[in-house]
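Make a model of the complete structure from these sequences and hints.
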Amino acid sequence: MENKTRRVFLRWMAIQMGAVFGGALLASCGRQESRSLQTTALPIAQPLQPTEVDPTGAPLQAEEATAEPTETPASHPHLAVARGGEPGTLVRQAVTALGGMQLFVNPGDEVIVKPNACVDYRTYEYAATTNPWVVGEIVRLCLEAGAGRVRVMDFPFGGDSESAYRRSGIQEQVLAAGGEMEPIRFLKFVETEIPNAIDLKRCQIYEDVLLADVVINVPIAKHHSLGRLTLGMKNLMGVIRDRPYMHGNLGQRLADLASRVRPALTIVDAVRILRANGPTGGRLSDVQKLDTVIASADIVAADSYAATLFGLQPTDLSYIVSGLNMGLGRADLETMKIEEIAVGA
Amino acid sequence: MAPNARKRRGVFSRPWTSLRKLIQALALLAFLVLFVLARGETPGSTTNLFLRLNPLLALVNLFATKALVAGAAVALITIALTFLTGRSWCGWLCPLGTILDWIPLHRWTKGRWTPGEGWRGVKYALLLLTLFAALLGGLTLLIFDPLTILTRGLAVGVWPALDKLVTAAETALYRLPALRTPILAVDTLLRPLILPPVPVTTRASALFAGVLIAVVLLNLFAERFWCRYLCSMGALLGLMSKVALLRRRIEPGCVGCTICTDACPMGTINAADDYASDPGECTMCLECMDDCPLGGTTFAPVLSVDPMRSYDPGRRQVLVTLGAALGGMALIRTVDPEIEHPFALHPPGADAEEFYSQCVRCGQCMRACPTAALQPALTEAGIEGFWTPVLISRLGYCDYGCNACGQSCPVEAIAPLPLVRKQEQVIGRAEIDQDRCLPWIEEQECIVCEEVCPLPEKAIELELAEARLPTGETIILQRPLVIHDLCIGCGMCEYKCPAVGEAAIRVSRCSGEGGLRGGQGRRRGG
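Protein sequences appear in the order of chains A and B.
My numbering numbers the first residue of the first sequence as 1 and each following residue consecutively.
My numbering numbers the first residue of the second sequence as 1 and each following residue consecutively.
Possibly wrong hints are sitting among the right ones.
One-sided and incomplete, this derived list gives chain B residues near chain A with beta-carbon spacing under 10 Å [claimed, not checked]:
(1) Val122
(2) Pro196
(3) Pro197
(4) Pro199
(5) Thr201
(6) Ala204
(7) Tyr397
(8) Asp399
(9) Ile441
(10) Glu443
(11) Glu450
Computed list of lysine to aspartate or glutamate pairs in EDC-like fashion (alpha-carbon distance at most 16 Å, straight line) [unchecked claim]:
(12) B:Lys242 x B:Asp262
(13) B:Lys496 x B:Asp433
(14) B:Lys496 x A:Glu162
(15) B:Lys66 x B:Glu354
(16) B:Lys496 x A:Glu125
(17) B:Lys242 x B:Asp187
Hint data in this document are derived by calculation from the structure and do not stem from the laboratory.
Each residue gets a CB set at the ideal place from its N, CA and C atoms; glycine is no exception.
What follows is the structure, encoded as structure tokens:
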């Protein structure tokens, strides 16, 4: 009597489990084929001529990054700087000067926006985390350009991602703009090879960053004792799992990482900059309000310009030097075409 | 076979038993829901409700601190319930009791060995010992309280194991592309609410889960073995039940069929005493009333003191346990715990001197701690601080934006500090071991401790130093130093230190600990 019921129960369990896993298998089969780890962010090395964009809106072909950085078309500046206005306006003006978000985001694209939300105990006033309105406006611009889905993510080193999203104020503005927050799932850190790397040959990178059509990097410009400043390339630390390892040879390892992640666009939030006690901050006296946003498809150029806000030369930062050596971008601020926009004036 | 056949007839044939089982299930569910919610946004004063309902915890804390914690007044509900209806807490509400009811292991062994009646006295002896030790300021025996066993067993035993199990299964299955979407959906459901969103480490989980499992395994010897013979909280409620209003009564219709003696989970219905039972043992489960075919058992109001039984505590037990408590406390207190245990860091807001006499060892703070920095002391705090929470900075750090432990403490042994106060609270002080620190010994760049220091004015400064590499090359690098007056000992630096094994920066106890940063600190012997 008792054996029989146990057998019936086990059989019933087996049928149920089979149905669940079978269903899941069928449901997810079709979905995975459309993506692969090969499709990465738009390489900046690719010429960003509007004529190359398929007018029907088909996504650009991802190409292997070439060693030589190529010029952006003559009609658009290599880098745009907007000053003196509301954070959202600054972002919109800077991106418009670069040629508009539709140059970077195609209709239907899966977009990952990577702000800096490094800890879960600071609000945006302390300039430890990216300005929420800057992030919100980027989400809005992506959606206006026809992006299919815009997700915002960072892997903080203090606290968990969801509390950092809330405390920093980023979540509120992103949701209001129609974007989504991506809670960090440790399952999604995948061991990834970095083919062009000099030091960091392998690394656990967040899967969604590799799968996204477009990655937009939104660092906040702030002080950091080892890197001197944390800017665009340093901000990419938030897409990998093992941070302390990076500190051994920070400049080169950051450049290696940037060669794999390849953000399509780097927008440096210098609305408030943190001049000391970074990267975590906590004293308003260390914060300087600059009301500035820097945008460029070239992560090295964006970082180089941001360095000057602190009175530093681009080559003072080890990761800019490594980035230049790897051909990831330019730092010749005197010769590159820069458009400066005075929003408030 | 006969009683079983009658039991199967349906829910309504045993209305009181059915109602009790429903309430037991709901109470256990409520306990588990509150346990899960204890890590997160829900106020700690809500999620620690079951612990505050426990009169034993409130009483020993009162005895040891000689001060009343306002929040502990909730225990009056249980006390009132007990004076009205006896040990109904045990039969109807206790989450551990319900688990023991649901795992009837005694049916396997069929009572091959059952403890004699004298064993019931063990729980009274334990209760007296606990109370006398508490009067002398020792709360270590609270590790035997049923709710602390359950909370601690779940928080630092079962739950971490569950997390490891789920994570391992998810990681394995996530490799199959077809399963990614369902696995992610499951993961999103579980984290951050039920399981921790970031990987956490817990020490000695097997020990704490093992205590809980051992309590369950005692069911092999007798139904509700724990409740009958060992439970000190049950003993306290049992003593009150001697004068409870509602008590079991045998009606004249009883014919001595022994159905009720077999049905009683506490085994307290004594055929030799005309089927009377001890209200100090009866959990008011009402099985005997439901099962009696002749209506021979009822429960009715009585105003009297029930007679003492042979196993009830008498003058001798009181004197023996008092002596044992005095001797035991004297033996434990031969050494100043601060000197012997320099790394036993208390949670932020704990009184450095009095903490061991305030903490009831429930483990609720350990569930609330999002980084699993708080873990039961094994050897760090000696016998006096056994299983009190210690902050193990190498395993988890005190999050600068979190004050959950103080909010969740049922007896305010960890003060419920507002966040801005907690951020100034000195837990200990970091010290750099220059023989282990990378920039000091290996001439390697590393500033991790300074980078992660959450204080507005960092408590770690970097000094520039010239270092000679093995190649003969000279470089300038930054070496960390702790600024003692600024450090609060949150342990973020120790947690993140990339040194292999023991960190090159360690937090230890210090003067001023337990007070505010920069405030007048406590001095040893002062």
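Going down the list of hints, with the structure as the test:
1. For Val122 (chain B), the interface hint is violated, the least distance from its beta-carbon to any beta-carbon of chain A being 36 Å, above 10 Å.
2. Because the closest C-beta pair between Pro196 (chain B) and chain A is about 8 Å apart, less than 10 Å, the hint holds.
3. Because the beta carbon of Pro197 (chain B) sits about 4 Å from the nearest beta carbon in chain A, less than 10 Å, this interface hint is met.
4. A distance limit of 10 Å between C-beta atoms decides the matter here; for Pro199 (chain B) the minimum to chain A is near 6 Å, and the interface restraint holds.
5. Violation of the interface hint for Thr201 (chain B) is found here, the shortest Cβ-Cβ separation to chain A being roughly 14 Å, above the 10 Å cut-off.
6. Violation of the interface hint for Ala204 (chain B) is found here, the shortest Cβ-Cβ separation to chain A being roughly 24 Å, above the 10 Å cut-off.
7. The closest approach between the C-beta of Tyr397 (chain B) and any C-beta of chain A is roughly 8 Å, which is under the 10 Å cut-off, so the hint is satisfied.
8. At about 6 Å, the closest approach between the beta carbon of Asp399 (chain B) and any beta carbon in chain A falls short of 10 Å, and the interface hint on this residue holds.
9. Violation of the interface hint for Ile441 (chain B) is found here, the shortest Cβ-Cβ separation to chain A being roughly 15 Å, above the 10 Å cut-off.
10. Checking Glu443 (chain B) against chain A by beta carbon gives a least distance of about 12 Å; that is not within 10 Å, so the hint is violated.
11. Taking 10 Å as the C-beta contact cut-off toward chain A, the hint placing Glu450 (chain B) at the interface holds, the least distance being around 6 Å.
12. For the hint pairing Lys242 (chain B) with Asp262 (chain B), the CA-to-CA distance comes to about 23 Å; that exceeds 16 Å, so the pair is violated.
13. Restraint check for Lys496 (chain B) and Asp433 (chain B): satisfied, since their Cα atoms lie roughly 15 Å apart, inside the 16 Å limit.
14. A hinted pair counts as satisfied when its Cα atoms are at most 16 Å apart, and Lys496 (chain B) with Glu162 (chain A) does not qualify at roughly 20 Å.
15. Straight-line distance between C-alpha atoms of Lys66 (chain B) and Glu354 (chain B) comes to about 12 Å, which keeps the hinted pair within the 16 Å bound.
16. Between Lys496 (chain B) and Glu125 (chain A) the alpha-carbon distance is near 26 Å, which puts this suggested pair outside the 16 Å criterion.
17. Of the pairs offered as hints, the one joining Lys242 (chain B) and Asp187 (chain B) is violated, with about 50 Å between alpha carbons and a cut-off of 16 Å exceeded.
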